[in-house]
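Chemist: Spelled out from the first residue to the last, the chains are:
There are 2 protein chains.
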Amino acid sequence: MRPKLNLITLGVKDFERSLQFYRDGLGWPLSSASQGDVAFFPLGGVVLALYPRDKLAEDAQVSPAGSGFSGITLAYNTKSQAEVDEVLQTVENLGATIIKRAQPVFWGGYNGYFADPDGHLWEVAWNPFFGFDEADNLILP
Amino acid sequence: MRPKLNLITLGVKDFERSLQFYRDGLGWPLSSASQGDVAFFPLGGVVLALYPRDKLAEDAQVSPAGSGFSGITLAYNTKSQAEVDEVLQTVENLGATIIKRAQPVFWGGYNGYFADPDGHLWEVAWNPFFGFDEADNLILP
Numbered sequence: 000m001r002p003k004l005n006l007i008t009l010g011v012k013d014f015e016r017s018l019q020f021y022r023d024g025l026g027w028p029l030s031s032a033s034q035g036d037v038a039f040f041p042l043g044g045v046v047l048a049l050y051p052r053d054k055l056a057e058d059a060q061v062s063p064a065g066s067g068f069s070g071i072t073l074a075y076n077t078k079s080q081a082e083v084d085e086v087l088q089t090v091e092n093l094g095a096t097i098i099k100r101a102q103p104v105f106w107g108g109y110n111g112y113f114a115d116p117d118g119h120l121w122e123v124a125w126n127p128f129f130g131f132d133e134a135d136n137l138i139l140p
Numbered sequence: 000m001r002p003k004l005n006l007i008t009l010g011v012k013d014f015e016r017s018l019q020f021y022r023d024g025l026g027w028p029l030s031s032a033s034q035g036d037v038a039f040f041p042l043g044g045v046v047l048a049l050y051p052r053d054k055l056a057e058d059a060q061v062s063p064a065g066s067g068f069s070g071i072t073l074a075y076n077t078k079s080q081a082e083v084d085e086v087l088q089t090v091e092n093l094g095a096t097i098i099k100r101a102q103p104v105f106w107g108g109y110n111g112y113f114a115d116p117d118g119h120l121w122e123v124a125w126n127p128f129f130g131f132d133e134a135d136n137l138i139l140p
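These protein sequence lines map, in sequence, to chains A and B. Mapping of the first sequence onto numbering that gives the first Met the number 0: position 70 corresponds to residue 69, and the numbering continues sequentially without gaps. Mapping of the second sequence onto numbering that gives the first Met the number 0: position 68 corresponds to residue 67, and the numbering continues sequentially without gaps.
Chain A with its partners taken away, still in its complex shape (with noise of 0.2 Å):
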């Protein structure tokens, strides 16, 4: 099994409310690969897609009941501090809910959270010991 995670899927309730966020309000690239009830989204390197929360349960055949903390967290790496100030603003006014506000980490970076329509949680952070590479993906020694 080769190193690798290709595609996460975020399950959803209103698929067109997380159409609107992810597609509209972030502005990202939907791929023509999507149909019906199903998005892709191709972010260099992983794809994000969306999936009708029940139906992804059925297909992993388990029961769709669940609630509190997903113990997922995804993160978007900032390039500077203040790009984390930045996308929690843009994010809270496209309606999403802060978690968690921009506040320096005992590591040494600066992050904040935000849930997604459906509660999935992101991190924004920067992480002055990271780099990124030409398509934007973290450098990790």
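Just so you know, the hints here were simulated from the structure itself, not pulled from any lab data. Keep in mind that this is a model prediction, so the values were computed, not measured. Take the hints with a grain of salt, since some may be wrong.
With a cut-off of at most 30 Å between alpha-carbon atoms, the simulated DSSO-like pairs for lysine-lysine come out as follows [stated by the list, open to error]:
(1) A:Lys54 to B:Lys99
(2) A:Lys99 to B:Lys54
(3) B:Lys99 to B:Lys12
Position chain B against the provided structure of chain A, taking the given hints into account.
Modeler: Quick look at chain B alone, frame taken from chain A:
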């Protein structure tokens, strides 16, 4: 906000157990930026991180309580149908729970699911309509 997802963090209950699964079991390369109870696996585009679940909730300033379906699935895309079977066999041998045995899916592919030591759901999927670039990332139109 550029279209980007840099890092995914899986909250884990037993850090050593998860490290054993991903690093020793799957053989995924651990970044030397890992330290203490945070592990980083650069997966050629996105970084997978492991971090204690309680601390992850604390970082996001949310309650760590949560149960049932997380509403998120991660996907490893294979290059053949046979590779789906092989990967599921590999992770089953490592002690992962097979949630859905590999089978044809209505959209024309073939998939199965396993749960990692913390129950995080991984889809292992062969999609005959998707291709890969030289970095093994999915190519979507």
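Chemist: Output the indices of the hints that this structure fails to meet, ascending.
Modeler: Every hint satisfied by this model.
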